Amino acid sequence: MDWTVFFQQAWNGLVNGIGYALFALGLTLIFGVLKVINLSHGEFFMLGAMVAVFLQKLLGINFFVALIPAALLGGALGFICNRVAVRPLIKSPPMSTILSTLALSYILVNISLTLWPYPVTLKTPFTGVINLGGVHITEASLVSFALGGVAVVVLYLFLTKMRKGKEIGATAQNMVGASLVGINVKGIFDLTFVIAAALAAIGGVLVAPLWQAYSTMGQAILLKGFAIVVVGGMGNVMGCLGVAMLVGVGEALFGNYVSMYFKEAALFVVMIVVLLIRPQGIFAEK
Amino acid sequence: MWMKKHLAPLVILAVAIILPFIFRDAYSRQLLVLICVYAALALSLDIIIGYMGQISLGHIAFFGIGAYTSALLSLKLGMPVWLGWLAAIVCGGIIGYIIGYVSLRRTRGVSLAIVTFGVGFVIYLVSQNWYQLTNGFEGLIGIPSPVLAIPGLPRFTFESSFSYYYLVLAILVFTVYLISAVLRSRFGRAVVALRENEELASSVGINAFNYYVLAFTLASALAALVGATYGHYVRIVTPRLLGMDYMLMLLIMVVVGGKGTLAGPILGAAIFILVPEWLRMTAQLRLVLLGGIFLVCIIFMPQGIYPALVSLFKRASLSGRLWLSKVGGGKTF
Amino acid sequence: MTILEIEGLTKDFGGLRALDKVDLAVQPGEIFGLIGTNGSGKTTMLNIVTGFLKSTEGHISYKGELITGFGPHQVAQRGVARTFQLTSLFPALTVEENVISARHLNSHSGVLRAFFLTKAYHKEELRSRQKAMDILKFVRLQEKSGMIAQNLPAAEQRILEVAIALAVKPELLLLDEPVSGMNLQETARVMELIRLIQQTGTTIVIIEHNMKVITELCSIIAVLDHGVKIAEGTPEEIINNKEVISVYLGKRRVGNVES
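Chains as they are written, first to last, in the numbering used here: chain A, 1 to 286; chain B, 1 to 333; chain C, 1 to 259.
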């Protein structure tokens, strides 16, 4: 057994996993708090990446600095999405928000395709490669992984320790109860969307140097993000994180050892099986 | 009497029949064929969305299954196209039954939407990667056109858009009639009752699971038939047919057109095939505008365009009559 | 022979015991009352009998046949119908369509016949409409047959619920709080309806809080408290039962119409 290959793939998987995690965490937060399936979430991810590249070309800013406008843009997009596509339909059946966020996604993808029809790369100042016993770990991937990890930890601390974060958790558990104890539920909806979208945008910037950035990357990750959220449990933050990392690593290993072509299919088969057997997700308590 | 009651549909049918004589260029006729195909497909999805009250995000897979089944049988085994279509119906029905049986047992609503999406996506991936069967990305080419060979009559091949239009129009009419027949029957009423109130329906003896599975199977078999007719028209079948973008367009046609009505999905198909053609911009900007229209429709006309038009018409005729009665000195119509 | 026999019925929801070894027997043709404070397990028991919940322990027999574990549609097929605590209709359909849909078990309009619009289909449709109107006439809703169900006034919605249950042609009818939210006039109308239903030979079980209705209609009453049957007997016996009185004191006085 060639352990070098194994660890190489595992590392690639971990890095991908952090990207998936930042994306899926936002998706699951939106579902947990607003009970909405946000089909435009992929575009937050994609636009974070695309705008970072654009600003880099335009202003020559570096990788780190690009994170800030990307996060801000993401947050703004999330806010707009909430106000335009979700809020007006809060009293309608769930199908309506699925469709409205879908419509928004159409709009965003095609705006992006018009502006940036070709894949682009985000340059980072990290070009070195660390060699750990045959396993090649690029500095760029290490930095992305570390920053992603920081973002996840910050999110965790926010949700558990800070007041607004706890209010988010309370609203997710019981909307009516939360408003009864004085939580501004509408404000929490805005906040959740902004945070989720910003996270996705940051995720997009972090993986852009590794994957390349292109206008339809949002759709590919949306599908995976969905499967991750379903398996981890809608609204279940820790479950989502765990599954995202598992998917990242599992996908890489599966692709290497079993079949390149069916690794995506495998993820969805798992998702279907989980939905049929344990619809609340693997890590849910119920 | 029967004529009067069905006047509107008969007039529309008459217009539909003469349309290819009004629009004589190949491009317009092609659009007409596409509209009929997608209208029938949208109607089949509406069985699930409008009458069952559920969401299937994998419905397009049956369109593809039907197309591939018929294409494969006529290409590889030399079967006559009509038999291929029959096989497509059977194949779509069986696979629809299996998927329905397994999914509807445990999932409804949002989880069902996700499961059907997953299944549809996996089938899409299979069509892309199982190249021994489906020829992968390139798909199947050179699919034969349907041939009408009745002894004693001249042999006729449905190759042109003109002739094919009447074929798919017939399928569309059949679909409309079939759905209205189902709605008139015990089966259809049971499904509608389940949609309105599943608990109550069960309490009056309706076996929810059985009827859901049956309706799902019917929808799948119909979609497969439509897929088969499409395949023998364009004569190329690729995995793109089963792609998510077509699924979403289909969904839009049903929901924005007006779910649960017979005219809604047809109207939706017409609008979402014709409007992009009329908006002569680059492909992307066109889609942005389409997305915008879609968004506006969902927010302001959640029941769909057709029901919105109907209620607008009713209100207009009501106020028209009121106005007329005032003008006519108090006599009401 | 008893028409409905419940033996040792127990239901646990996690740590909460909603029903504890309840025994009940209902005789054919009688009107049986089931009372108890909120949360005493009445509706839970009804849900188990009609197949919407599974019991943790215990058996249910209907006309001698074991129906424990049957699903709702199977229970209905055997001739048991029910109404729901919260008004349950087919909201977007008309009153007439509600009843026609509810006649599912007795309808024969197959798809093939509908497709070819055969004579048999038309005959069956006519018969269906006729029978539905008969039921609506029985409950005196026939004039509103074309109205959309959700637009009916609340009390008439409850009556439509009864019509829907009658469409099943039940031998056993279980009513869950049939007069809740009704004024005196509406209550009297429903009471009259229940009497008429009994006269057709249908056995009726009523869950109610309204003591006037229960004592005037029922020949036997059972009392549940926290999942346990604490008393069973004639209305007179129940009104004077010390345990029943003590359970109800502090919530409402036994013998008065619920306020």
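It should be emphasised that the hints constitute simulated quantities derived from the structure, not laboratory data.
Small disclaimer: the values here were computed from a predicted structure and weren't measured.
Any given hint could be a false lead.
Unchecked claim - Result set (DSS-like, lysine-lysine): computed pairs, CA atoms no more than 25 Å apart in a straight line:
hint: 1; chain 1: B; residue 1: K5; chain 2: C; residue 2: K119
hint: 2; chain 1: A; residue 1: K35; chain 2: A; residue 2: K57
hint: 3; chain 1: B; residue 1: K5; chain 2: C; residue 2: K21
hint: 4; chain 1: C; residue 1: K144; chain 2: C; residue 2: K212
hint: 5; chain 1: C; residue 1: K144; chain 2: C; residue 2: K131
hint: 6; chain 1: A; residue 1: K123; chain 2: A; residue 2: K35
hint: 7; chain 1: C; residue 1: K169; chain 2: C; residue 2: K144
hint: 8; chain 1: A; residue 1: K263; chain 2: A; residue 2: K35
hint: 9; chain 1: B; residue 1: K314; chain 2: C; residue 2: K144
What the hints assert, rightly or not - Distance ranges between label pairs, derived from CB positions:
hint: 10; chain 1: A; residue 1: L58; chain 2: B; residue 2: D25; range: 38 to 48 Å
hint: 11; chain 1: B; residue 1: D245; chain 2: A; residue 2: V84; range: 15 to 25 Å
hint: 12; chain 1: B; residue 1: I150; chain 2: A; residue 2: R278; range: 54 to 64 Å
hint: 13; chain 1: C; residue 1: T10; chain 2: B; residue 2: F209; range: 21 to 31 Å
hint: 14; chain 1: B; residue 1: L274; chain 2: A; residue 2: V129; range: 28 to 38 Å
hint: 15; chain 1: B; residue 1: E277; chain 2: A; residue 2: F6; range: 26 to 36 Å
hint: 16; chain 1: C; residue 1: R17; chain 2: A; residue 2: M162; range: 38 to 48 Å
hint: 17; chain 1: B; residue 1: F209; chain 2: A; residue 2: R278; range: 14 to 24 Å
hint: 18; chain 1: B; residue 1: R155; chain 2: C; residue 2: M147; range: 32 to 42 Å
The beta-carbon is built from N, C-alpha and C at its ideal position, and this holds for glycine as well.
Hint check:
no.	hint	result
1	B:K5 <-> C:K119	holds, 19 Å
2	A:K35 <-> A:K57	violated, 38 Å
3	B:K5 <-> C:K21	violated, 60 Å
4	C:K144 <-> C:K212	violated, 29 Å
5	C:K144 <-> C:K131	holds, 16 Å
6	A:K123 <-> A:K35	violated, 37 Å
7	C:K169 <-> C:K144	holds, 22 Å
8	A:K263 <-> A:K35	violated, 29 Å
9	B:K314 <-> C:K144	holds, 22 Å
10	A:L58 <-> B:D25: 38 to 48 Å	holds, 46 Å
11	B:D245 <-> A:V84: 15 to 25 Å	holds, 22 Å
12	B:I150 <-> A:R278: 54 to 64 Å	holds, 56 Å
13	C:T10 <-> B:F209: 21 to 31 Å	holds, 27 Å
14	B:L274 <-> A:V129: 28 to 38 Å	violated, 55 Å
15	B:E277 <-> A:F6: 26 to 36 Å	violated, 53 Å
16	C:R17 <-> A:M162: 38 to 48 Å	holds, 41 Å
17	B:F209 <-> A:R278: 14 to 24 Å	holds, 20 Å
18	B:R155 <-> C:M147: 32 to 42 Å	violated, 58 Å
Of the numbered hints given earlier, the model fails hints 2, 3, 4, 6, 8, 14, 15 and 18; all others are met.
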